[in-house]
Amino acid sequence: MRVLYKRLSLTRLRTLSSYCCRWGSSRSADPHVAIVGSGPAGFYTAQQIIKGHPTVRVDIYEKLPVPFGLVRFGVAPDHPEVKNCIHTFTQTAHRDRCSFIGNVQVGKDIKVADLQKAYTAVVLCHGSSNDRKLGIPGEDLPNVLSARSFVGWYNGLPEDVGLSVNLDCETAIVLGHGNVALDVARVLLTPIDILAKTDISDYSMDALSKSRIKKVVLVGRRGPLQVAFTIKELREMITLPKCRTVIDLLTLSSLNENIDGEETNTHTVTIENINELPRPRRRLTELLYNAAVNPPEKYTKIWNDATREWHLKFLRSPSEIVPTSSKEGPEAVKFIINMLEGDDDPLRRKAVPTDETDVIPCGLVLRSIGYKGVPLDETVPFDTSRGVIPNKKGRVDGFPGLYCSGWIAEGPVFVLAGAMNNAFATGKVVLEDLGSSKLSSENKGGKDAVLSALQQKGVKTVTFTDWEKIDQAEILLGEKAGKPREKIVSIKEMIRVASSE
Amino acid sequence: MAVTCAKLLRTVCPKFLLANRSACLTAPAFLPSRRQNFLQYQKKRFCSSVPRLKKETVTLTFLMPDGERIETPAKVGDNLLDVVIENDVDIDGFGACEGTLACSTCHLILKPEHYAQLPEPPTDEELDMLDLAFDLQDTSRLGCQVVVTKNMEGWEVRVPAGVADAREPS
Ligand SMILES: Cc1cc2nc3c(=O)[nH]c(=O)nc-3n(C[C@H](O)[C@H](O)[C@H](O)COP(=O)(O)OP(=O)(O)OC[C@H]3O[C@@H](n4cnc5c(N)ncnc54)[C@H](O)[C@@H]3O)c2cc1C
Ligand SMILES: NC(=O)c1ccc[n+]([C@@H]2O[C@H](COP(=O)([O-])OP(=O)(O)OC[C@H]3O[C@@H](n4cnc5c(N)ncnc54)[C@H](OP(=O)(O)O)[C@@H]3O)[C@@H](O)[C@H]2O)c1
Ligand code: FES
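Chains as they are written, first to last, in UniProt numbering: chain A, 1 to 501; chain B, 1 to 170.
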């Protein structure tokens, strides 16, 4: 820790000395920057701006009383290492030129235009708080859930705490082949004693401990070469304790044929030459292939005493979710079988329907076909089809002083490292504009005006020190239950703890 | 009183509480290699606060994306993430997961002749994470997995540009 402190102070010194040259010693008004959203994009943008400017003040507004966005409410409970980035975010929040202002929903409690009146620059980093729909019959049945809500449910996201999840069935279908699909499948299949040691919310633990689910089928509309999940997450599924991996043989036998240079039928994907694929895709495809066709003993050993299993199926687009006779939930999902067409680049091949169909029985459906951004308020330009704010390098088109970064700027496609890079780049663009004559800080007093407006409206804001009280309370609650933390899931209770002495 | 102490401690040494907290965050035992790695890293961090025997050092050079060369001592036995932290090498966002093989932000590129001299090839788990790194090369490694040895004297390691840095200047 001594080392880390040293790192911080030296970095400060070094950057301070470079400031003096760039910004001169005399200045008119110190710039104030507002950031909307305290996920990775918000915190990494703040970090970059504070590091690159000697006097800027950065205020991070967050809808919830608690910070960190999807790092707290998205990242799976059995992936605590990913959450280590919280330490860096906390360091940023402790900087004296940074404030966290929680429990403020921008767009509702305060308009973006009002923030712009008070701040030299405003950076929107509010992520993607909705998800994409399939638009097929049966999508609104009970127990047909979005993976986004299911994730929110097991991670204690206040809006999803009351989600009605029925695990009293044997088969769940997950639609989509991304990492979120693997996350939800893994949570459904992981032995309960392992989940019990994580920060998963207690009510979901209860529900999962009574779960009868034995089989999770992940169905994608394209083939094995187009899966969106990544290799680490796939390997984790293949080696999940007490769980067998079953990979669709129709498609993979063709992979086999292709590797041997033989003909394929139209339903299957072609891999002209697996060795010509870029390394990440090649390794991922090899792992899929080996797990399906030629599993090494280290895998079969796990699979032999499995009590549960997951299936990976390709080239199927859902066309209807069939209800049970009482309409209390799904009974099966109907699929149209696809073939792939076009493009030399396998990743860009399109799924085209054939006239063949398939039906897979199930009692739970999780739709995992991607998140979607929503606009904060009517004043901010928005691309509704992509769910992003149109921007160039983070500058919002036609709105000087308005910026965006992270998922809301580029779509819900990044892992953490990607969100970080994007945020750093936007931060640099903001710094560049602060250093030019493009932005004026005259009469921009920052948070004072905003806080008093919020107070008049009766909005109870939460500071970072308040959050640390919540944090400590959660850790204490967790200790009692033998887990790293027990999340407080009611906003009212969060505010109560935050206001306590 | 307790709160005041904690506050004081945090002001003097901001990482104090965080180090404790990260230990609490450690969870399941079902991925032994990752977990071990993480615990080892934590241990190392704690150890770094007490005086220890002076270790042998070599000199390494980090080649930054903007062309800057940063020369730094590196203790034999430390990994390259430790070296970056201990010597305050200013690489934005380096080591986000703190050496637990969960992020790929500690990506570094070695010279082919040096890569070939490393005692251990990357494990499957390291390669899996590297596959997500930007500017991936045949001689890429994750810094948190490469341990400094005596024969590394004078080695140069390249810090890859993030995607963002690779965009044209605005
Ligand atoms: C289920 C899931 C699991 C994931 N697991 C991993 C993983 O293991 N490893 C990895 O590298 N990446 C993972 N990711 C990806 C990673 O979480 C994202 O790349 C990253 O969180 C995107 O950052 P962001 O800041 O753009 O958005 P977010 O993290 O969503 O942050 C947005 C913040 O804005 C706030 N906000 C929203 N609306 C408002 C408003 N009106 N006013 C104020 N604040 C608002 C939100 O509450 C939130 O705190 C995962 C993603 C998901 C969905
Ligand atoms: N552990 C981790 O590192 C982790 C965990 C969770 C999330 N994340 C990251 O978070 C981001 C979002 O993940 P995600 O899984 O939500 O999204 P994603 O990676 O974009 O995957 C979405 C999946 O849904 C499919 N899909 C989209 N529209 C469809 C439709 N109309 N019908 C059928 N299938 C459809 C896609 O197939 P097509 O390819 O055919 O469109 C794809 O398989 C990703 O960057 C992911 O890596 C990372
Ligand atoms: S620090 Fe995250 S993988 Fe090395």
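Rather than coming from a laboratory, the hints here were simulated on the basis of the structure.
Be aware that one or more of the hints could be misleading.
[Said to hold, decoys possible] Below, computed lysine to any residue pairings styled on SDA-like, alpha-carbon distance capped at 25 Å: (1) A/Lys51 x B/Thr61; (2) A/Lys51 x B/Asp88; (3) A/Lys298 x B/Thr61; (4) A/Lys51 x A/Lys313; (5) A/Lys393 x B/Pro65; (6) A/Lys298 x B/Pro160; (7) A/Lys51 x B/Glu125; (8) A/Lys51 x B/Asp124; (9) A/Lys392 x B/Pro65; (10) B/Lys111 x A/Arg212; (11) B/Lys111 x A/Arg283; (12) A/Lys51 x B/Leu127; (13) A/Lys51 x B/Ile70; (14) A/Lys327 x A/Ser440; (15) A/Lys298 x B/Leu127; (16) A/Lys393 x B/Pro160; (17) A/Lys393 x B/Lys111; (18) A/Lys51 x B/Asp131; (19) A/Lys313 x A/Asn166; (20) A/Lys313 x A/Arg212; (21) A/Lys298 x B/Asp124; (22) A/Lys393 x B/Asp88; (23) A/Lys117 x A/Lys313; (24) B/Lys111 x A/Lys313.
Checked hints:
no. : hint                : verdict
1   : A/Lys51 x B/Thr61   : holds, 24 Å
2   : A/Lys51 x B/Asp88   : holds, 14 Å
3   : A/Lys298 x B/Thr61  : violated, 40 Å
4   : A/Lys51 x A/Lys313  : violated, 47 Å
5   : A/Lys393 x B/Pro65  : holds, 19 Å
6   : A/Lys298 x B/Pro160 : violated, 35 Å
7   : A/Lys51 x B/Glu125  : violated, 33 Å
8   : A/Lys51 x B/Asp124  : violated, 36 Å
9   : A/Lys392 x B/Pro65  : holds, 23 Å
10  : B/Lys111 x A/Arg212 : violated, 53 Å
11  : B/Lys111 x A/Arg283 : holds, 23 Å
12  : A/Lys51 x B/Leu127  : violated, 32 Å
13  : A/Lys51 x B/Ile70   : holds, 19 Å
14  : A/Lys327 x A/Ser440 : violated, 60 Å
15  : A/Lys298 x B/Leu127 : holds, 19 Å
16  : A/Lys393 x B/Pro160 : holds, 20 Å
17  : A/Lys393 x B/Lys111 : violated, 32 Å
18  : A/Lys51 x B/Asp131  : violated, 29 Å
19  : A/Lys313 x A/Asn166 : holds, 23 Å
20  : A/Lys313 x A/Arg212 : holds, 22 Å
21  : A/Lys298 x B/Asp124 : holds, 14 Å
22  : A/Lys393 x B/Asp88  : violated, 29 Å
23  : A/Lys117 x A/Lys313 : violated, 52 Å
24  : B/Lys111 x A/Lys313 : violated, 42 Å
Checked against the numbered hints above, the structure breaks hints 3, 4, 6, 7, 8, 10, 12, 14, 17, 18, 22, 23, 24 and satisfies the rest.
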